[in-house]
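Peer 1: Residues per chain, in single letters:
Number of protein chains: 4
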Amino acid sequence: MYQIGHFIDGESVNTGESSSQIYNPSIGEVAGQVLLAGEKELELALEAASKAFPAWRNTEPVKRARIMSKFKELVELHSATIIELIGKEHGKISHDAKGEIARGIENIEYACYVPELLKGEYSKNAGPSIDTWTELQPLGVVAGITPFNFPAMVPLWMYPMAIACGNTFILKPSEKNPSAALFIAQLLSEAGLPKGVLNVINGDQYAVESLLKDDRVKAVSFVGSTPIAKSIYQQANANGKRCQALGGAKNHAIVMPDADIENASNALLGAAFGSSGERCMAISVAVTVGDECAEQLVSSLLKKIPQLKVGSFEHDSNDFGPVISAAHLQKVEQLIQSAADDGASLLIDGRNTPVNGPSSGYYVGGTLIDHVSADMLSYQEEIFGPVLLVLRCQSLEQAMQVIAAHPYGNGTCIFTRDGEAARYFSDHVEVGMVGINVPLPVPVASHSFGGWKQSLFGDLNAYGPDAVRFYTRKKTITQRWPSSSLRESAQFAFPS
Amino acid sequence: MYQIGHFIDGESVNTGESSSQIYNPSIGEVAGQVLLAGEKELELALEAASKAFPAWRNTEPVKRARIMSKFKELVELHSATIIELIGKEHGKISHDAKGEIARGIENIEYACYVPELLKGEYSKNAGPSIDTWTELQPLGVVAGITPFNFPAMVPLWMYPMAIACGNTFILKPSEKNPSAALFIAQLLSEAGLPKGVLNVINGDQYAVESLLKDDRVKAVSFVGSTPIAKSIYQQANANGKRCQALGGAKNHAIVMPDADIENASNALLGAAFGSSGERCMAISVAVTVGDECAEQLVSSLLKKIPQLKVGSFEHDSNDFGPVISAAHLQKVEQLIQSAADDGASLLIDGRNTPVNGPSSGYYVGGTLIDHVSADMLSYQEEIFGPVLLVLRCQSLEQAMQVIAAHPYGNGTCIFTRDGEAARYFSDHVEVGMVGINVPLPVPVASHSFGGWKQSLFGDLNAYGPDAVRFYTRKKTITQRWPSSSLRESAQFAFPS
Amino acid sequence: MYQIGHFIDGESVNTGESSSQIYNPSIGEVAGQVLLAGEKELELALEAASKAFPAWRNTEPVKRARIMSKFKELVELHSATIIELIGKEHGKISHDAKGEIARGIENIEYACYVPELLKGEYSKNAGPSIDTWTELQPLGVVAGITPFNFPAMVPLWMYPMAIACGNTFILKPSEKNPSAALFIAQLLSEAGLPKGVLNVINGDQYAVESLLKDDRVKAVSFVGSTPIAKSIYQQANANGKRCQALGGAKNHAIVMPDADIENASNALLGAAFGSSGERCMAISVAVTVGDECAEQLVSSLLKKIPQLKVGSFEHDSNDFGPVISAAHLQKVEQLIQSAADDGASLLIDGRNTPVNGPSSGYYVGGTLIDHVSADMLSYQEEIFGPVLLVLRCQSLEQAMQVIAAHPYGNGTCIFTRDGEAARYFSDHVEVGMVGINVPLPVPVASHSFGGWKQSLFGDLNAYGPDAVRFYTRKKTITQRWPSSSLRESAQFAFPS
Amino acid sequence: MYQIGHFIDGESVNTGESSSQIYNPSIGEVAGQVLLAGEKELELALEAASKAFPAWRNTEPVKRARIMSKFKELVELHSATIIELIGKEHGKISHDAKGEIARGIENIEYACYVPELLKGEYSKNAGPSIDTWTELQPLGVVAGITPFNFPAMVPLWMYPMAIACGNTFILKPSEKNPSAALFIAQLLSEAGLPKGVLNVINGDQYAVESLLKDDRVKAVSFVGSTPIAKSIYQQANANGKRCQALGGAKNHAIVMPDADIENASNALLGAAFGSSGERCMAISVAVTVGDECAEQLVSSLLKKIPQLKVGSFEHDSNDFGPVISAAHLQKVEQLIQSAADDGASLLIDGRNTPVNGPSSGYYVGGTLIDHVSADMLSYQEEIFGPVLLVLRCQSLEQAMQVIAAHPYGNGTCIFTRDGEAARYFSDHVEVGMVGINVPLPVPVASHSFGGWKQSLFGDLNAYGPDAVRFYTRKKTITQRWPSSSLRESAQFAFPS
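Residue numbers (this note's numbering), protein chains in the order written: chain V, 1 to 496; chain F, 1 to 496; chain L, 1 to 496; chain G, 1 to 496.
Warning: the hint list may mix true and false statements.
Which copy? The list can't say, so a pair holds if one copy fits it or any two copies do.
[Unchecked claim] Simulated crosslink set (DSS-like; lysine-lysine; CA at most 30 Å straight-line): (1) Lys40 <-> Lys331; (2) Lys51 <-> Lys40; (3) Lys63 <-> Lys331; (4) Lys195 <-> Lys70; (5) Lys453 <-> Lys213; (6) Lys230 <-> Lys453; (7) Lys40 <-> Lys63; (8) Lys98 <-> Lys304; (9) Lys230 <-> Lys304; (10) Lys98 <-> Lys63.
These are computed hints drawn from the structure, not numbers from a lab.
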């Protein structure tokens, strides 16, 4: 049993208003506890971040980048520890946790490019002997609130770029699995980040609301479920902060008749069941075009799903592990039941799946449900579990109408060999991240992450180029040096 | 007496739920009336804009740009008419209206660059044989709500770019002076814009609220006062729309001891009194550094202000005209009185100024108030009249603290010859648009317009490069073409 | 019989050292004569361009752009005249000349974006309190030397951007058909370009060499045949000028078995025979993959080619017109004969084709030659006539090896529906401009034009973004304002 | 006595056609010998680089970047060794060598940004249902030829970016001090670079000419003296390679009357004498404006120069060390004498300077020569020694005319506090790199390095953004997916 505190102003702070239990979902037991920040801890963090801002803002971008570069080395060096922390508190198998960390590191790398990314635009002779240029100045203190499903990666979507842009940061990770984020944050300190530039606060709704209310916080990045994302976005805006809030998803994969069905079914297995489906980019609906395609796909999946290994994070040979909690397990199981009740064909039922190891954890096996229709609850809700629905259509056009009607618009993909189908789909689908034969089209770090519709609240996407704009405010300077020999008269007209 | 209606789906629509009077502020008389849209007119406009979107979105950017280019020609051709319409309903002198139109045209020009501005980023081999690129896709129907003070220019900040990006648009101009905006919008139709792509609705708060509530509207651009900007921003966000809302200002000019005082005072005359100070970029406070500088500046202004000519828009020799309305005249006069009551030195009182022509209009002359301090109401409020306050400081540092303490952060400038002072000021001042020896640092069209703090709500500035990002949503496509000879196994780990 | 002179310093100059005849190739008769510049005319042009440079360089980019915008309007207005001039001196049918002008106008449009395109990069705090930025400054006098085959378009690839960037320009068009270029240049003068900024010199090799030798000329853009391009590139470089020299081509179209053969053959007809094949982007070799594909394609072409109409530019119903001259006609005919002599199958022989109208012009009809191999002269040489070769391969890989072995690398295309084939081809083919189901992949004006290998000499492509870099030189400024209170000691180490 | 060979295909190669002696200039004795490549070694390197290209080109940019990132760590780790190698063979004091390495590392860092820098431009709907994008593809084998004065840094200007862009590389360092470059190159191999991607060849003119002739070499980067730069540029171009060749310099610093003279003289000491003046960015001429300014500056320098410490690289307290060779020492001394002979005032004569340590090295002390005029040989030639000339002018205009008349245009700077003077100077001076109160305006790695006039041959500057364009060729792809239901007719007109 361990206890997790906070990291404030370069120091561990082990106090809290209260505490909360951390579970090991692979065995369904309490693993430790996390101290929840009260007014005192929050004030310490806000004070530290505010105090650190002026000097950090004036530090050259290239020097800020070098600390990030050193940080990247340390995260690589300590990746085994991080994998262990993620496994224990989240249940992610190590090959999956490794992928998560790799994607996090990618975002640190991209933050290292700030000497390039912060370049402003310079217009010589914008007017007669007048020059104009823009600067991208940091905002001040930025807060990040992150979810349980990527405890290492999602924080790294946020603070490396925010900090590289000259801001200071307060991170509030999920209280369900705070250890990885806290450990990683301390590595950045070790890499040479000045005290107070990055602070980690563990806490619950009180901490979130305090950050949303405090005037010293200038911007908030959030990743979580749609109702909370929406609420946080509105509160942040009402309090004069900029905000980007990423919410839920229901990602469809269209399988076209010309696709290589074996490849498609392999891709769907990983995309639907990897990390137990607890990914906002997981594919949860396969939309088949034509009956033959549907039959082939289902038949292929029926053969492969029973061979998947489900079990504890400690065995790398497992394909995926438990879901995050007992409560979430129950929700997933209820949604499976609802599909059956609504008349869908429950071809493979992952409830009471055999487990590779101790079965006291929160396990649900790969579940396949055919003949799903758009009016079913299991289709409308984000299940966030290893459940793949099959929805049968007769044409690409019909498949795209199904997608268009869903309130979420995070990710989607199409399996085809045909250039025209791929282009038509990617052009017209109402979804922010589109894969063509790529089941999880998570943009690389040099592009930005963002869904459409109810999947993202805000103008600017997460990480990548959009993050630079989000974490800075533009200043435009117009300069003219008066000639010493010139005397000018007043001008009353608007300058043109 | 004329009547102004709407422009919907390529047609004039002359109905309304009610109507409102349009005044000619130069003579203080009713000039016409404007029909205010009710549910019927709004529905017509929303329907037209929605219907026009799919085809317009698919039109090549270069073709959209060419219509904008033709539009520019027509605005130039008809500028005399537009100047007359602005003059009659706003009171702006023609040299000033000409400047306004020129700045509007600049924004049309910039919208013509969309084939360049809409380019996405393409990453070959973002992963193994995987390519990734971004597209900037239009949002759908966009609404713009614009103020009385730049009846021609501010609408042109918005819809040329929104439309060039592939959106359709509903403009609601100020009901105080709607004629110029309506006339100009029709020129765009004449330039070849398909029906329904641009619609103009005249209306009051009902129209605004309807646009903010309707799900078909995807984004809102607003320019007006801070309380309304804030409210509109929050409503738009709560209803799932992106929004940029520009509010009020209190712009300070710092005059350094090394400045050429005659040049600075000339510049201040135009910046403070041009357009009767009804500009969000008007300089309303001169902050002097050192006593000698203050004395010289005030002495220079005292000589020049009495020579200004105030009067009707019809005479181009006037320096500026009336304020917009009787109510606003009263507000300006009260704020002048409050300064005197609060102990400031009312050196030149523009109330009851001699008018060059009929005096029945809403006139107030150039007013100079010295020894103003930060606690006075006249300093805290945006006066939006031809009133220049002088606030005396002893150092640049002190002057910048004054600016930092004010809730607005729109524009500012410094007069100096010294490179160090200019750089220190522009780096650290908490204001979005900064002039160095440029009294009205309105960014040119190839840069973006945006204040800080209470002067702008939203992440992205108006017009220029930021407008491209505001009026589009990013789609990121990740593409991989399966080799026909390749069979791949399932991958459960997160892709890295 | 008319006489064509020069346009120097805003005036027509009708003198010359000698003269040369201009033919009307549609009837094979002399139409006029062109005066060839000697030392006197060249000195006038060089003097004018040099003298005009300092003021033009200091003119704001936005003002330079506005003249280009006005120029665009005038070219549109006078397009009928230009079509007539092209037709008479080149023989191009009006629908084709119209396309040429449209592409030229596109390049003027792109030059109008210079306020955006000339933006430099600004790095705040590149070092401690040190800012760095770049400016793209014009070079001075630039020369352009252009070929007969696009008498209107190719000059417009060059001078609009060169001039919009702040340079002054001397154009030497082809002496075979100089009228269109001269006429268009005068429209730019009419649009408000100051005297001397654009000058047109007609001349022969003497003029070319004079421009290449003169120190006042800072850069040369050339389009023509490969041997001359290479020679001009080397001379220009030896004389300290930057140069881009575009040469010849032999463009292959790969037809894949999955392509829609009727679409492909239609596309090839236009791409091979349009403008009598006198285009550096013309498709002159169809490379078929598989025997069935070859048979189908040839069979389709055999049906369609005999229906093509060849004749005078005056009839818009003609598909294409004559080649440029009697000498060129003879060369094309000899290359056709050589193919037959070398053992290829001369399926359709365009020599002595029936002509729609007077047959005294330089006509050769659409020619189809099958079973061509890489060792034949007709394959190795650029024919520049309406001759389509068919080279049969058995795989995409083999087809691409054929292309790789050819010394030219200008354009190419592939016909397929398959995403993988398209990506593999476009990634690996050693050609600068690649079409996927686009037979003439001429980049639009917002991208740049440039082949690889012997098709282009120089680092930077023609028009588009590369042209901005070509027509400017970069200046990098590093700025630091000393604090008045700071005294610094000497630093002997290299600044880091 | 050590022997230095080559590094080819991942292996040390210790053969050579002949050899050459390496001196330790601090003591004037032979330190080792370098093997000079003959045909065999060159063929090995060319073969290795060619063979390694296809796989390296296909490696994802992010993976190439990661090897560069690891390389950076190794260079940092081994910097003491590199400093020692530079010191022994070049004579540079360690504080100076450290600065050199830091600048080299900066360039490695910038090469790590290639996932961002290689992004192409993507135009959706460039035509009707037609998309166009650009790719920046590597060239193949690139060669770099580097000078003695920055044995570690200049190679790092070249190959990190060339390699990160997907090229393979052959480096030929100066045979005077090859050890540092060879050592560093091996670190890149250790960082994981595949064999053959980077090869180091030591050699003389034979090696250079072989590289310039071989068809497998696609591009050449050169830094050295102007006559050789010019010759290499022409040879490379004649052989169909792209080339950038950087040559000599004569850099002027203007000292304005309003400058802080003590700061300026301190800055000049380091800029003129640091690294014994053997820098292409060294300030070699101080141009004073006004007599008082000249007197003050000279008087300040007269006090400070005698305190400079000259001696062996082994003592970090020395300000600078020897020049590179006995022959160069003689040349510097002759140019000093010529100034005296021509009538200039030899205020401080560095010949026979007292040396801090053994005096057998090639030492010349800080030399100050006043009243220099533009007709003197010492002014016209690049001395490349610790010699500062003072040229007295009466106005900024006159000072700038002096600079304009010099054939070189590499770097320059101005000392002033005045914004107008700085802007006028930086706008109009005919020099590529401009400092405002920055004596050595070497651009940071995120900008590019390049002089004007005789200081650089080529269109594109070294390192920074220009290097990305130099080390890649642009491919433009135009794509259209035919609709299966569409049959299109031939189009003979030029596509518009």
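Peer 1: Indicate, hint by hint, whether the structure satisfies it.
Peer 2: Cross-check of the supplied hints:
Taking identical chains as interchangeable, the C-alpha atoms of lysine 40 and lysine 331 are never at most 30 Å apart, the minima being 36 Å within one chain and 46 Å between chains. Taking identical chains as interchangeable, the C-alpha atoms of lysine 51 and lysine 40 lie at most 30 Å apart only when both belong to the same chain, with a minimum of 16 Å there against 55 Å between chains. Proximity of lysine 63 and lysine 331 under a CA criterion of 30 Å is satisfied in neither setting, with 48 Å inside one chain copy and 41 Å between copies. When the C-alpha separation of lysine 195 and lysine 70 is checked against a cutoff of 30 Å, the pair qualifies both within a copy, at 16 Å, and between copies, at 27 Å.
Taking the closest pair of Cα atoms, lysine 453 and lysine 213 come within 30 Å of each other both inside a single copy (26 Å) and across two copies (16 Å). For a Cα distance limit of 30 Å, the shortest separation of lysine 230 from lysine 453 qualifies both inside one copy, at 11 Å, and across copies, at 23 Å. In this assembly of identical chains, lysine 40 and lysine 63 lie within 30 Å of each other by CA distance neither inside one copy nor across copies; the values are 32 Å within and 45 Å between. In this assembly of identical chains, lysine 98 and lysine 304 lie within 30 Å of each other by CA distance solely inside one copy; the values are 24 Å within and 60 Å between copies.
Neither within a single protomer nor between protomers do lysine 230 and lysine 304 lie at most 30 Å apart by alpha-carbon distance, with minima of 38 Å and 55 Å respectively. In this homomeric assembly, lysine 98 and lysine 63 come within 30 Å of each other (Cα to Cα) both inside a single copy, at 29 Å, and across copies, at 17 Å.
In this structure, the earlier hints numbered 1, 3, 7, 9 are contradicted, and the remaining ones agree with it.
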